[in-house]
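Undergrad: Residue-level listing of the chains:
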Amino acid sequence: EAGVAQSPRYKIIEKRQSVAFWCNPISGHATLYWYQQILGQGPKLLIQFQNNGVVDDSQLPKDRFSAERLKGVDSTLKIQPAKLEDSAVYLCASSLALMRGGTEAFFGQGTRLTVV
Amino acid sequence: GDSVTQMEGPVTLSEEAFLTINCTYTATGYPSLFWYVQYPGEGLQLLLKATKADDKGSNKGFEATYRKETTSFHLEKGSVQVSDSAVYFCALSSGGSNYKLTFGKGTLLTVNP
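Going line by line, the protein sequences match chains A and B.
Take the first sequence: its letters are residues 1 to 116, numbered as in this note's numbering.
Take the second sequence: its letters are residues 1001 to 1113, numbered as in this note's numbering.
The hints are simulated quantities; they were obtained by calculation from the structure and are not laboratory data.
Be a bit skeptical, because a hint or two may be false.
[Unchecked claim] Below, simulated DMTMM-like cross-link-like pairs (lysine to aspartate or glutamate); rule was C-alpha separation at most 20 Å, straight line: (1) Lys-1068/B to Asp-1054/B; (2) Lys-44/A to Asp-1002/B; (3) Lys-71/A to Glu-85/A; (4) Lys-78/A to Glu-14/A; (5) Lys-44/A to Glu-1015/B; (6) Lys-15/A to Asp-63/A; (7) Lys-44/A to Glu-1042/B; (8) Lys-1077/B to Glu-1008/B; (9) Lys-1056/B to Glu-14/A; (10) Lys-1060/B to Asp-57/A; (11) Lys-78/A to Asp-63/A; (12) Lys-1105/B to Asp-1084/B; (13) Lys-78/A to Asp-57/A; (14) Lys-1052/B to Glu-14/A; (15) Lys-1060/B to Glu-1015/B; (16) Lys-1052/B to Glu-1076/B; (17) Lys-1052/B to Asp-1002/B; (18) Lys-1105/B to Asp-63/A; (19) Lys-1052/B to Glu-1069/B; (20) Lys-1068/B to Asp-1002/B; (21) Lys-1077/B to Glu-1015/B; (22) Lys-83/A to Asp-56/A; (23) Lys-11/A to Glu-1042/B; (24) Lys-1060/B to Glu-1076/B; (25) Lys-44/A to Asp-56/A; (26) Lys-1105/B to Asp-86/A.
[Claimed, not checked] Which bits of chain B does chain A cover? Going by a derived footprint, with three or more residues having C-beta under 8 Å, they are: (27) 1037-1050; (28) 1068-1080.
The beta-carbon is built from N, C-alpha and C at its ideal position, and this holds for glycine as well.
Bound conformation, chain A alone:
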């Protein structure tokens, strides 16, 4: 079974530039998550989709971050304009459904963003 695919693996941009990340979840997984992992901290949820609808985006900085999930499959996360504090690893994860009863979430390898 193919895992969660993310691209690019690494990205370096200057502050105020824009950047986009792409995620392809495991086939058949209805729920998709984007997490931000700052060095030395645990992952923090940015946005959660159920099919192509947003379930939770309460911690997404909506003035600069946006995300969409087209046709309930692939997803893109965009930052515009980037700030130095956006330097982090951006993780995409997917699960069969909302995580009731211990449903497992599968993670991609992440995109390491450096803003200079």
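For chain A, the structure is supplied; the task is to place chain B on it using the hints.
TA: Quick look at chain B alone, frame taken from chain A:
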């Protein structure tokens, strides 16, 4: 809101030593509890989980027991190996937070030969 507190690292052990990484949580309702592991250069992988009180999750020699009375889910292994060197994350999922995963800060474990 939901939160997870795990012991600060880094933790450095010799091979075959006993490992404990403490984890406590605050959550609404009855959360499911998880330990995820991140090996160098790799993504997060589920190590083990428990979905109700007194459940014991186990995998690869690691164990953790869901203790509702102490709101804890401590990770243990009787004899660590060099290959266990990684970052370990405690996490929970509950209905009070739309069933998303809420993570602790992670504990870096280094095992020396």
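Undergrad: Run every hint past the structure and note whether it holds.
TA: Outcome of the hint check:
Distance restraint check for Lys-1068/B and Asp-1054/B: the Cα-Cα separation of roughly 7 Å lies within the 20 Å cut-off, and the hinted pair is therefore satisfied. At roughly 12 Å between alpha-carbon atoms, Lys-44/A and Asp-1002/B fall within 20 Å of each other, so this suggested pair holds. Proposed proximity of Lys-71/A and Glu-85/A is contradicted: the alpha carbons are some 31 Å apart, above 20 Å. A threshold of 20 Å between alpha carbons decides the hint, and for Lys-78/A with Glu-14/A the separation of about 15 Å falls inside it, so the pair holds.
Of the pairs offered as hints, the one joining Lys-44/A and Glu-1015/B is violated, with about 32 Å between alpha carbons and a cut-off of 20 Å exceeded. For a cut-off of 20 Å, the pair hint linking Lys-15/A to Asp-63/A stands: about 15 Å separates their Cα positions. Taking the CA atoms of Lys-44/A and Glu-1042/B, the gap is near 18 Å; set against the 20 Å cutoff, the hint holds. For the hint linking Lys-1077/B to Glu-1008/B, the alpha-carbon distance of about 18 Å falls within 20 Å, and the restraint holds.
Between the alpha carbons of Lys-1056/B and Glu-14/A the distance comes to roughly 47 Å, so the proposed pair goes past 20 Å and is violated. A hinted pair counts as satisfied when its Cα atoms are at most 20 Å apart, and Lys-1060/B with Asp-57/A does not qualify at roughly 35 Å. Distance restraint check for Lys-78/A and Asp-63/A: the Cα-Cα separation of roughly 11 Å lies within the 20 Å cut-off, and the hinted pair is therefore satisfied. Proposed proximity of Lys-1105/B and Asp-1084/B is supported: the alpha carbons are some 18 Å apart, at most 20 Å.
Of the pairs offered as hints, the one joining Lys-78/A and Asp-57/A holds, with about 14 Å between alpha carbons and a cut-off of 20 Å not exceeded. A hinted pair counts as satisfied when its Cα atoms are at most 20 Å apart, and Lys-1052/B with Glu-14/A does not qualify at roughly 47 Å. For a cut-off of 20 Å, the pair hint linking Lys-1060/B to Glu-1015/B stands: about 15 Å separates their Cα positions. Our distance criterion of 20 Å between C-alpha atoms is met by Lys-1052/B and Glu-1076/B, whose separation comes to about 18 Å.
Distance check on the hinted pair: Lys-1052/B and Asp-1002/B sit about 17 Å apart at the alpha-carbon level, within 20 Å; holds. Pair hint Lys-1105/B plus Asp-63/A does not hold up; C-alpha atoms about 26 Å apart against a cutoff of 20 Å. Note on Lys-1052/B and Glu-1069/B: the hinted pairing holds, with a Cα-Cα distance of about 12 Å set against a maximum of 20 Å. Between Lys-1068/B and Asp-1002/B the alpha-carbon distance is near 15 Å, which keeps this suggested pair within the 20 Å criterion.
Between Lys-1077/B and Glu-1015/B, the direct Cα distance comes to roughly 12 Å. Compliance with the 20 Å bound is thereby established for this hinted pair. The straight-line distance between the Cα atoms of Lys-83/A and Asp-56/A is roughly 23 Å, outside the 20 Å bound, and the hint therefore fails. Of the supplied pair hints, the one linking Lys-11/A and Glu-1042/B holds, its CA atoms being roughly 17 Å apart against a limit of 20 Å. Restraint check for Lys-1060/B and Glu-1076/B: satisfied, since their Cα atoms lie roughly 11 Å apart, inside the 20 Å limit.
Taking the CA atoms of Lys-44/A and Asp-56/A, the gap is about 12 Å. The hint holds against a cut of 20 Å. As the CA atoms of Lys-1105/B and Asp-86/A are separated by approximately 18 Å, the hinted pair is consistent with the 20 Å bound. Residues of the segment 1037-1050 of chain B with a Cβ under 8 Å from some Cβ of chain A number 7, which satisfies the need for three, so the listed coverage holds. A stretch counts as covered by a chain when three or more of its residues have a beta carbon under 8 Å from one of that chain; for the segment 1068-1080 of chain B and chain A the count is 0, and the coverage is violated.
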